[in-house]
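Asker: Each chain is listed here by its residues.
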Amino acid sequence: MASVTTHDHAHDHGHDHDHHGPGPWTRIFTTTNHKDIGSMYLWFSLLMFFVGGAMALLIRAELFTPGLQVVQPEVFNSLTTVHALVMIFGAVMPAFVGFANWLIPLQIGAADMAFPRMNNWSFWLMIPATVLLMASFFVPGGAAASGWTLYPPLSTQGGIGVDMTIIAIHILGASSIMGSINIITTILNMRAPGMTLMRMPMFVWTWLITAYLIIAVMPVLAGCITMLLTDRHFGTAFFNAAGGGDPTMFMHIFWFFGHPEVYILILPAFGIMSQIIPTFSRKPLFGYASMVYATASIAILSFIVWGHHMFTVGMPAAGQLFFMYATMLIAVPTGVKIFNWIATMWRGSITFETPMLFAIGFLCMFTLGGFSGLVLSIVPVDITLHNTYYVVAHFHYVLFPGAIWALMAGVYFWLPKWTGRMYNETLGKWHFWLSAISFNVTFFPQHFLGLAGMPRRIPDYALQFAEWNMISTIGAFALGFSQLLFVYNVFSCIRSGEKAKERQWDSADSLEWTHLPSPVPYHTFEMPPDLRGAKAVH
Amino acid sequence: MSVVADDVDVVTPAEVRENNRTTLKKLLLILPVMLAFCLSLVPLYRQICEVLGITATRAVAENTQVDRSRIVKVDFDASLHGGFAWKFVPVDKRVEIHPGEMVTIHYRVTNALPYATTGRAVPSFAPVEAGLFFSKIECFCFSNQTLQAGESREMPVTFFIDPKLPAKIGSIGLSYYFFDVTEEMKKAPKDPA
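Listed in order, the protein sequences are those of chains P and W. Residue numbers for the first sequence follow this note's numbering, so the first one is 33 and each next one is one higher. Residue numbers for the second sequence follow this note's numbering, so the first one is 952 and each next one is one higher.
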């Protein structure tokens, strides 16, 4: 599939048409190449990771000691709100879409994504959305300060910043829906001959399921925040009790989107793990088919557990019990995955390169976050811990060492393939260990704070919480600044890393390692590889 | 890397494009379906709440016997939505009644503003399930209340408690929350509910 910009003068030229294509600045706007767009997604999400991280550090700086010193409470509330939105919609989701763009065509033997121009469009939509979101800090009334969940009545009361946030989420939602349509179509229709569904690498499988989740729940979010918008400006009263509406309904609709969203953020991470762990254990993935079914089960169950986010809302006991048991049920397929990874490592010839360190870190820390999630699924415990720092600790344990470490591991793992150069292994190990220690210093004490009753989203706190907050803030700054090592490592790898081998990791066996040189050429698999009769590649 | 020969399960680029278009159409269909699902949650939610008895008010009052063997305490509470400059207090703060017995209590509301304003009261019960057994015959919360500048008014609530009230509920808290709907009334003249 030739890129659009060079269509007219490159009919049959094969590989040479990118050399007399547009200049670099035109190219970033007009490119339809999945590798370009994948890289753009990844750079964008790296930038947003640091924007969101800077907000997190402002929050932690404010919480360093009791009392108000760094920011005003209104700004603090905006910071917690926008930090979450930026990290979810600006950093983690686009980063996984970046991986999908880079890897899915390579791993299934396709020349490009199914709809290359839509691919370009879905990337560029994110820019105005992010500008809107960030600009909302500078309008009268400030950015949305209701928490990322945008619960009314707080979100119906805010200023124009809330409207900007709503529009930004609309645009980001449209972008991720387009990305998902592209991914599903590519996977379903463009696999190389012989690449049956049950032979696809796990990363492709997890993204296929994730993309369906996105298409199913993003319209629900769009409808939900549209109702919020009409409540704010057009006199409706969907969520306004005074007009016969019900703010609790917002919570139900929001979390019907919100819980599957949680798995949208973690399933592709599971996919990356399932590529990395077998490679460095030098064994095939244990229980491939059960991995596929477990992923699908998690996705299906995610639609019936939303109530556990709102146990304290005044739900009937039967509802609480249903959501509690359904939530606990998710531990079963998740456990299947964890045990499969452990079984993959069992008696493997394990080596501890940076991607594997992050993968093992992921296994330990994500499991810990999963356990605190199980604790929170118990209704009476949740009623006590609801809206405390225990919840903050829980979801950071699943999101930072879960989603973010999987992304970091993935970048280290595929950098040699993408750039043709190796990153600095020593620096990578430093990055891992500094992150691992400082992450735990930051977030482990937050379990204690939550158990002791410290509420979240409040800029001040009682004196008895002072010590652990101070430790947590110190950890947060160490964690934030250790991530600069990652940026340095990526840049120095691209500029001056050692030349990487075609199969840098000797037992990596998906198509990009077995069929393509490092760095991968600009155009790949213009003729699909014939995989019929070849041995399975997962 | 072997190049694919013509074979049954190999598709041409034109066929791939055609397949992609078909898949795109199917996937696009999911979007309006899910959006419709989202919007249908609004009436569905109301229905489910009614069926489960989570809605605070109960429309139908049944003729019942007075159960003199039990006494239920009912506490009345009043509050105003942030910044709404009315005064709103229960005249009767607490009653002790038998289930099935008809009672009328009063709230006093004063418009402290120099112009007419409209408020709407929204009730809530503690415990929530008590709302299922709380039958109101008359209530100022049934309609919007417009008060002229400086006007003060006593407003009644006539109710009885269904004798089927579970034995574990010995006292009920009824709280009214007044919202300022003056602006909403101007914007949307028809009742949005």
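Hints in this document: simulated from the structure, not taken from any laboratory. Predicted model, so just to flag it, every value in this text is computed and none were measured. Be a bit skeptical, because a hint or two may be false.
A few chain P residues that don't get close to chain W, going by computed Cβ distances all over 12 Å [stated by the list, open to error]:
1. Leu-100
2. Gln-104
3. Met-145
4. Phe-147
5. Met-150
6. Gln-189
7. Asp-195
8. Thr-268
9. Phe-270
10. Gly-277
11. Ile-285
12. Ala-350
13. Asn-456
14. Glu-499
15. Leu-517
16. Lys-531
Facing chain P, according to a computed beta carbon distance under 8 Å, are these residues of chain W, among others [what the hints assert, rightly or not]:
17. Asn-970
18. Asn-971
19. Leu-978
20. Leu-980
21. Leu-982
22. Met-985
23. Leu-986
24. Val-1002
25. Leu-1003
26. Glu-1135
Where a beta carbon is used, it is the ideal one built from N, C-alpha and C, also for glycine.
Asker: Each hint should be assessed against the structure and marked as holding or not.
Answerer: Do the hints match the structure? See the list:
With a minimum CB-CB distance of about 22 Å to chain W, P/Leu-100 clears the 12 Å threshold, and the non-interface call stands. The Cβ of P/Gln-104 sits about 19 Å from the closest Cβ of chain W, beyond the 12 Å cut-off, so the non-interface label holds. A beta-carbon of chain W comes within 12 Å of the beta-carbon of P/Met-145; the shortest separation is about 10 Å. Against the 12 Å criterion, P/Phe-147 falls within the reach of chain W, whose nearest CB is about 7 Å from its own CB.
The Cβ of P/Met-150 sits about 9 Å from the closest Cβ of chain W, inside the 12 Å cut-off, so the non-interface label is violated. With a minimum CB-CB distance of about 8 Å to chain W, P/Gln-189 fails to clear the 12 Å threshold, and the non-interface call is violated. Even its closest Cβ contact with chain W, about 17 Å, leaves P/Asp-195 beyond 12 Å, as expected for a residue assigned away from the interface. Separation of P/Thr-268 from chain W is inadequate, the least Cβ-Cβ distance of about 6 Å not exceeding the 12 Å criterion.
Against chain W, the non-interface label of P/Phe-270 is violated: not every CB pair exceeds 12 Å, the least being about 6 Å. Listed as outside the interface, P/Gly-277 is inconsistent with that label: its C-beta sits roughly 8 Å from the nearest C-beta of chain W, within the 12 Å cut-off. Against chain W, the non-interface label of P/Ile-285 is violated: not every CB pair exceeds 12 Å, the least being about 6 Å. The Cβ of P/Ala-350 sits about 8 Å from the closest Cβ of chain W, inside the 12 Å cut-off, so the non-interface label is violated.
At roughly 32 Å from the closest C-beta of chain W, the C-beta of P/Asn-456 stays outside 12 Å, upholding its exclusion from the interface. Residue-level check passed: P/Glu-499 sits 35 Å from the nearest beta carbon of chain W, beyond 12 Å. Separation of P/Leu-517 from chain W is adequate, the least Cβ-Cβ distance of about 37 Å exceeding the 12 Å criterion. Listed as outside the interface, P/Lys-531 is consistent with that label: its C-beta sits roughly 22 Å from the nearest C-beta of chain W, beyond the 12 Å cut-off.
The interface hint given for W/Asn-970 holds, since its Cβ lies 4 Å from the closest Cβ of chain P, which is under the 8 Å cut-off. For W/Asn-971, the shortest C-beta to C-beta distance to chain P is roughly 5 Å, which falls under 8 Å, so the interface hint holds. For W/Leu-978, the interface hint holds, the least distance from its beta-carbon to any beta-carbon of chain P being 5 Å, beneath 8 Å. Annotation: interface hint on W/Leu-980 violated; nearest CB of chain P at approximately 10 Å, more than 8 Å.
The closest approach between the C-beta of W/Leu-982 and any C-beta of chain P is roughly 5 Å, which is under the 8 Å cut-off, so the hint is satisfied. For W/Met-985, the interface hint holds, since its Cβ comes within 8 Å of a Cβ in chain P; the closest pair sits about 4 Å apart. Because the beta carbon of W/Leu-986 sits about 4 Å from the nearest beta carbon in chain P, less than 8 Å, this interface hint is met. Residue-level restraint check for W/Val-1002 is violated (minimum Cβ-Cβ distance to chain P is 11 Å; threshold 8 Å).
Because the closest C-beta pair between W/Leu-1003 and chain P is about 6 Å apart, less than 8 Å, the hint holds. Given the 8 Å rule on beta carbons, the hint for W/Glu-1135 holds: about 6 Å separates it from the nearest Cβ of chain P.
When held up to the earlier numbered hints, the structure conflicts with 3, 4, 5, 6, 8, 9, 10, 11, 12, 20, 24 and fits the remainder.
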